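4 protein chains.
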Amino acid sequence: MKAIKTAVVGASGYTGAELLRLLLMHPAAELVCVTSRQYEGEPLEKVFPRFRGVQGSQLEFTAPSADTIAAAGAEVAFLALPHGVAAEYAIALLEKGIRVIDLSADFRLNSAEVYEEFYGHPHPAPELLDEAVYGLPELKGRSEAIKSAKLVASPGCYPTSIITPLVPLLEKGLIDPASIVTCSMSGVSGAGKTGNVLFSYCEANESVRAYGVPKHRHLSEIEQELSIAAGQAVQISFTPHLVPAHNGICTTTSATLTGDADAIGAALEEAYGDSDFVRLLGKGQPADTKNVTRTNFLDIGWDYDPRTGRVLLLSAEDNLGKGAASQAVQSMNLMLELSATEGLQNI
Amino acid sequence: MKAIKTAVVGASGYTGAELLRLLLMHPAAELVCVTSRQYEGEPLEKVFPRFRGVQGSQLEFTAPSADTIAAAGAEVAFLALPHGVAAEYAIALLEKGIRVIDLSADFRLNSAEVYEEFYGHPHPAPELLDEAVYGLPELKGRSEAIKSAKLVASPGCYPTSIITPLVPLLEKGLIDPASIVTCSMSGVSGAGKTGNVLFSYCEANESVRAYGVPKHRHLSEIEQELSIAAGQAVQISFTPHLVPAHNGICTTTSATLTGDADAIGAALEEAYGDSDFVRLLGKGQPADTKNVTRTNFLDIGWDYDPRTGRVLLLSAEDNLGKGAASQAVQSMNLMLELSATEGLQNI
Amino acid sequence: MKAIKTAVVGASGYTGAELLRLLLMHPAAELVCVTSRQYEGEPLEKVFPRFRGVQGSQLEFTAPSADTIAAAGAEVAFLALPHGVAAEYAIALLEKGIRVIDLSADFRLNSAEVYEEFYGHPHPAPELLDEAVYGLPELKGRSEAIKSAKLVASPGCYPTSIITPLVPLLEKGLIDPASIVTCSMSGVSGAGKTGNVLFSYCEANESVRAYGVPKHRHLSEIEQELSIAAGQAVQISFTPHLVPAHNGICTTTSATLTGDADAIGAALEEAYGDSDFVRLLGKGQPADTKNVTRTNFLDIGWDYDPRTGRVLLLSAEDNLGKGAASQAVQSMNLMLELSATEGLQNI
Amino acid sequence: MKAIKTAVVGASGYTGAELLRLLLMHPAAELVCVTSRQYEGEPLEKVFPRFRGVQGSQLEFTAPSADTIAAAGAEVAFLALPHGVAAEYAIALLEKGIRVIDLSADFRLNSAEVYEEFYGHPHPAPELLDEAVYGLPELKGRSEAIKSAKLVASPGCYPTSIITPLVPLLEKGLIDPASIVTCSMSGVSGAGKTGNVLFSYCEANESVRAYGVPKHRHLSEIEQELSIAAGQAVQISFTPHLVPAHNGICTTTSATLTGDADAIGAALEEAYGDSDFVRLLGKGQPADTKNVTRTNFLDIGWDYDPRTGRVLLLSAEDNLGKGAASQAVQSMNLMLELSATEGLQNI
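Protein chains in written order, with the working numbering: chain A, 32 to 378; chain B, 32 to 378; chain C, 32 to 378; chain D, 32 to 378.
Bear in mind the hints are in silico, worked out from the structure with no lab data behind them. Predicted, not measured: the structure shown is a model, and the values here were computed from it. Warning: the hint list may mix true and false statements.
For lysine to any residue, the following SDA-like pairs were computed, each having C-alpha atoms within a straight-line distance of at most 20 Å [stated by the list, open to error]:
(1) Lys33/C <-> Glu237/C
(2) Lys314/B <-> Gly243/A
(3) Lys127/B <-> Ala94/B
(4) Lys171/D <-> Ala34/D
(5) Lys77/A <-> Ser306/D
(6) Lys36/D <-> Lys181/D
(7) Lys224/D <-> Thr225/B
(8) Lys224/A <-> Lys33/C
(9) Lys246/A <-> Ala94/B
Pairwise CB distance ranges (calculated) [as the list claims (entries may be wrong)]:
(10) Gly296/D <-> Lys181/A: 31 to 37 Å
(11) Gln263/C <-> Glu147/D: 30 to 36 Å
(12) Ser258/D <-> Gly315/A: 54 to 60 Å
(13) Asp98/D <-> Ala59/A: 57 to 63 Å
We put the beta carbon where it would ideally sit given N, CA and C, even for glycine.
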C-alpha cells in the first residue's frame with residue numbers, strides 16, 4: 032500500500048514531469064493532487080503520453096489551490112513553480128499543516144537582501160527564510176535538519192554539482208577559496224519546457240555556447256553554501272554552457288591546492304564514502320553525464336595538476352534528477368522517515 | 032583555371048576529408064595527388080560519397096610516397112598524418128622542393144625536449160624545428176613568416192581557440208599569466224574517424240565529460256605561444272571536454288585582470304579588428320559553435336566579472352576548420368600569394 | 032562583378048536563411064533587397080550571426096513591399112512566405128516586371144479546385160496558375176519552361192524526393208501506379224523556425240514518429256506530377272515522419288513492378304544520367320541524407336525484391352536545399368541563362 | 032527477498048546491459064551469474080559505470096559455461112549471444128534443467144530450412160525447434176505456451192513492432208496479406224555495441240538511410256508469424272532505416288483494406304484492450320518512440336486512407352526493451368508465475 036499522500040504543484044514542465052515519474056513509481060508515495068492551470072481537467076497520461084497505462088496516471092490535473100491540495104489529503108507538496116510564485120503557495124500550504132518541498136529558488140537563500148540582488152524583486156516571504164532548510168542532504172548535518180523541516184528549499188541544478196565536491200575541501204582548508212573557477216555544461220532541458228525558439232531543436236542541436244555570464248542567479252546559493260563551509264565569504268567564477276544533450280550537467284571546477292594533494296581524495300572519501308547517492312570515481316576519473324541521467328546519483332572524480340598547483344573536481348548529475356526532482360524526493364524520504372533510497376534506485 | 036597543384040597526404044580521416052572538400056571547391060587550387068594506404072586505387076568520390084559528381088572527385092588515392100607526389104607536380108603538400116609519421120614525409124617532400132603544411136604536431140614546438148616530454152618519443156627531425164613556422168596567421172608577424180615558409184606547422188584545434196584571444200591580453204600585460212584557467216568543449220570529430228567504441232553514436236550521444244586531464248598534449252604548443260606573448264613562461268590549467276556534437280570547439284578561458292577592464296575590448300579590437308577570420312562579438316556576447324562550423328571563422332566574445340576580478344574569453348571555431356583544415360588552407364593562400372580568403376568564404 | 036540583382040521576401044525562416052546563404056556566396060547574384068517585418072532595419076548579419084563578416088551581410092532587412100523591391104532594382108524575387116500570402120506578393124512583383132520564384136505552395140498546382148481542397152481556402156490568384164511553371168528542372172522539358180518563365184513555383188521538400196525517381200518509371204510503364212507506397216523521414220528544420228514546443232530540442236530529440244497522416248498537403252503536387260508522367264490519375268500512400276536530425280529528407284518508395292526489373296536502372300540512367308544534381312547510386316545502394324545536406328544534390332538508389340515483386344526507390348536530399356532553397360536558385364540560374372551549377376557546387 | 036536466480040550469458044552488449052539493468056532492479060529476480068569472455072573477472076559496475084553502487088552490481092563476470100551457471104544455482108538463463116552461438120549454450124543449459132530465454136534468432140523459426148536460407152548456415156540444433164516457443168506474449172495463446180516452456184525464443188526488435196499490430200487484422204481477414212508494405216526506423220543501438228566506424232557518432236549523427244534491403248533477416252520470423260495469423264503464406268515488403276537516435280523503433284505498415292474500416296480499431300481493441308504492455312492510441316494517433324524508450328510498452332496507432340484504400344498501422348517500441356530485453360523479462364515473469372508486469376513498470 033502506498034501510504035504517503037503527495038501533491039505536485041506546477042507539474043507541467045520538465046521538473047514537474049520528472050517528479051510525477053518518480054512519484055508514480057515510488058513504492059511508498061501516492062500522488063493525490065497534481066496542479067496545472069494549463070492542463071486543468073486533463074489526466075496525467077494525456078499530457079504525458081509516456082505515463083499512459085501506468086497506475087495512477089489517470090489522475091486529473093486541477094487548478095493550483097492550497098484548499099484543493101489539503102482536501103486531497105496531501106501530507107507533502109512539491110512546488111515546481113517559478114520563483115516568486117512558489118513562496119505564495121508555500122505560505123498557504125504551511126498554514127494548512129502541509130509540509131513543503133520547494134524546487135524554486137524562493138527559500139534557498141538565508142538573506143532576503145541577496146535574494147533581491149540576484150532575483151530582482153523583494154523576497155515574497157522573508158519571515159520563512161529562517162525556517163527553510165537548504166535541501167542538500169549530503170552536507171553535514173543537513174539530513175537531520177531535513178527530517179524535521181516543514182519547508183525544504185531543494186537546491187538548483189548547477190549548485191548541487193558544484194557545492195558537493197567543494198565543501199569537504201573548503202571545510203578542511205585544502206584549497207584557496209579565492210581561486211575557484213567553475214565551468215558547467217547543461218543539457219537543454221535546463222531551459223525548461225519552453226516555446227522559446229532559442230531552444231528549438233534546430234537552434235540547440237550542434238550548438239555549444241556559454242550563457243548567463245558573468246553573474247548567473249545560481250551563484251547566490253552556491254556562494255552561500257561555500258561560504259558556510261569555508262567559514263569566510265567565498266566568491267567564485269562560474270560559467271554555465273548549453274550543450275546539445277537532453278539532460279545532464281557536467282561540471283569542472285578547479286582551485287589552487289593549499290594543502291596536501293593526497294588529502295583531496297581522503298577528504299572526499301571521508302565526506303561521501305558512505306553516501307547512497309554520491310559516487311566517488313577516484314583520481315583521474317572524469318564523471319560522465321550518461322552514467323547518471325534519470326538517477327539520483329552525483330558522480331565525482333578529481334585530479335591534481337602539479338604544473339599549475341590546481342585541484343580539478345569533475346562532477347556529473349542529471350539536472351532534472353539529483354539537480355531537481357529526485358533530490359526533492361530524497362528530501363521527502365528523509366522527512367517521512369523512509370529509507371533514503373526508496374523509489375530512487377532505478378538505473 | 033586552377034593554377035596551383037596540391038597534394039594531401041593521409042586523406043582518409045576527418046581532417047583529410049575537410050581538406051579535400053576545401054581544395055575541391057577552391058577556385059585557385061587543384062588536387063593532383065591524394066594518398067591513403069587504406070584506399071589506394073579508389074576514387075575520392077567512392078570513399079567520400081558526399082563528393083560524388085563534383086569536379087575532381089574522380090581522382091584516385093595513391094599509396095603515400097614523396098616520389099609520386101613530386102611526379103604529380105604538386106607545389107604544396109598537406110600532411111594529415113599522425114605525429115611521428117608526418118615528419119618523415121615532410122623531410123622527403125622538402126628535399127624535393129615541395130612546400131609542406133603539416134597538420135600534425137611534429138613541427139609545432141620550438142623545442143625537441145618539450146616534444147619528447149609531451150609526445151613520448153624523441154623528435155623525428157629536430158633539425159627542421161627552426162625552419163618550421165607555427166601557422167597561426169592572426170598572430171603578429173606570423174602571416175609574413177608563413178608567406179616565405181617552406182614548412183608550416185598548422186596549429187591544433189584547441190590551441191587556436193585558446194591562444195588567439197589570450198595573446199593580445201598577455202602582450203599588453205592586462206591579465207595575470209599565472210591565473211589562466213581554460214575549459215574547452217569539443218565535438219566528437221575531434222577524436223578522428225575511428226572505430227573506437229568510446230566514440231560510437233550510442234556511447235557519445237547524451238554524454239558530456241572531461242577527458243585527457245590534467246596534461247593534454249596540446250598544452251605544449253599553447254604554453255609555447257602564450258609564453259612568447261607574455262615574455263615569460265606561462266602555464267595554464269586546461270580541461271578539454273567531449274560533448275555530443277559533430278564538430279565545433281567552444282572555449283571559455285578566464286584570468287585575473289591586472290589592468291583596466293576597458294582595455295580588454297580595445298586590445299582585441301587592435302589585434303583583430305581588421306582580421307578576415309577572427310570575428311569580435313563584443314562584451315557580454317558568447318560565441319556559439321553553430322555559427323562557425325564549416326567555416327574558417329574564429330568568433331570571440333568576452334566579459335569581465337568585477338566580483339572575482341576575472342576576465343572571461345569566450346571563443347568558438349570549427350575543430351576541423353579553423354582548428355585544422357581551413358586554417359591550413361589559409362596558410363596555403365598566404366604561401367602562394369593568393370587572397371587570404373580565397374576558397375574560404377563559404378558559410 | 033555580381034551582375035544579377037535579387038530579392039528575398041520573407042527571409043527570416045530556415046528556407047529564407049538558406050536562400051540568403053546561397054545568394055551571398057553566389058558568384059553571379061547580388062542581394063539587393065531582403066524583407067522581414069520582424070527584423071526590419073536590422074542587418075542580415077545581426078539576425079544570422081553565421082553570416083557576420085561576409086560580403087553583403089550588412090544589408091538591412093526592409094518591410095516587405097513590391098515598391099521597395101522594385102526600387103532596389105531586383106530582377107528576380109524569391110518568395111519564402113506562407114501559402115496564401117505569397118500569391119499577393121507574386122501579383123504585385125510580376126506587375127512590376129520582376130520575375131518571381133515562389134517557394135510556397137501557391138502556384139504549384141494546376142488546379143484551383145485541388146488547391147482549395149488541400150489548403151482549405153480559395154486560391155488567391157487562379158488567373159496565374161496557367162502561367163506558373165512547376166520548377167523541378169530535372170523533369171523532361173521543364174528546364175526550357177523555367178528559362179522563359181515569369182513565375183516559377185518551386186517544389187516542396189517531400190515532392191522533389193518522391194516525384195523525381197518515380198517519373199521515369201511511370202513514363203515507361205514499369206510500375207503499377209495504383210501500388211505506390213511512400214515513407215519519408217524529415218529532419219526537424221522541415222517544421223520551420225518555430226517556437227512550437229513540439230519542435231523544441233527536448234521534444235524532438237530521441238523522438239521518431241509519423242505525422243500528417245493520411246492526407247499530407249504535399250500529396251496534391253506529388254500526385255499532379257505523377258499523373259502527368261503516368262498519363263492517368265495516380266494516388267499514392269504517403270507517410271511522412273519526423274526524425275531527430277537538423278535537415279535532410281530520406282524517402283523510400285515502393286511499387287509493384289509491371290515490366291522488366293533490369294529496365295529500372297536503365298530508365299533512371301536515361302532520365303538522369305547526365306543530370307548535374309541527380310546522382311544515381313545504382314542497384315542496392317541506399318541514399319544517405321548525410322551525403323546531400325547543404326547541397327543541391329538528390330541521391331537515388333534502387334532495388335528490386337523478387338519475393339514481393341516490388342521495386343524500391345531510395346532517395347535523399349536536403350529539405351532546405353534541393354527540397355527548397357538551392358532548387359529555387361537552380362531555377363534562377365536557368366531563368367538568367369547562367370550555368371545550372373553556378374553557386375550550387377559547394378559540398 | 033529476491034527469490035528467483037537468473038543468469039545472463041553474453042552480457043557485454045547493449046541488449047545484455049539492458050537485461051542486467053532490468054534484473055538488477057527486478058523485485059523478484061536475483062542475478063547469480065553473468066558471463067562475458069571479454070570482461071571475465073571484472074565486476075558489473077566497472078564495465079557499466081551506470082550500475083555503480085547499485086545492489087548486485089559487484090557481481091563479477093565469469094567465462095561463459097553451462098557448468099558455472101548451474102553451479103551458481105540459476106533457474107533461468109538469458110542468452111544475449113550471436114545466432115549460431117546461442118544454440119550451443121541452450122542445449123547445454125537445457126540438459127542441466129535450466130530454462131532458457133534466448134534473445135538470438137536461433138530458435139525463432141519453426142523451420143530449419145528457412146533458418147538456413149536467411150542465416151546462411153545449417154541450423155545448429157534443429158531437434159529443439161519444436162520445443163521452442165516464439166515469445167511474443169501478446170499473441171493469442173502464447174502466454175500459456177511461454178508459462179510452461181523450457182526454451183523461449185524471444186522475438187527480434189523489428190518483428191515485435193510489425194507482427195503485433197498486423198496479427199489481429201490478418202486473423203480477421205481485414206487486410207489483403209499480399210499488399211503489406213512496412214517501413215521501420217531504428218535507433219543506432221540496434222547495430223549493437225560495436226567498433227564499426229559506420230556507427231560512430233560522426234557517421235551516424237545527421238544521417239538517415241535505408242539499409243539491409245530487400246531481404247532483411249528478420250523477415251523470416253515476421254512472415255512466419257503473419258502466415259500463422261493469416262492462415263496462408265504471407266510475404267511482405269520491409270525496409271528498415273537507421274536514424275540518429277539512441278534507441279527506439281518506429282514502424283509504419285500499410286496494407287489494403289479488404290473489410291470495414293471501422294473494424295480495424297475494434298480488432299485491435301479486442302486483441303489488446305486488456306494488454307499490460309500494448310497501448311492503443313486510437314485512430315489518427317501516431318506512435319512516438321520517445322514515449323516508450325526504456326519501457327516494455329508497444330504503442331499502436333492506426334489510420335485509414337480512403338483515397339488509396341490502405342490501412343496505416345503506426346507502432347513504436349524500444350528496440351532494446353519490448354524489442355529485446357524487457358520482452359525477455361516478460362517471458363521470465365510468465366515462466367515463473369510472477370505478475371506479468373513485475374519489474375517492468377518503470378517509466
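Find the hints from earlier in the document that the structure breaks and name them by number, from lowest to highest. Numbers 1, 4, 8, 9, 10, 11 and 13 - these are the hints that the structure violates, sorted from lowest upward.
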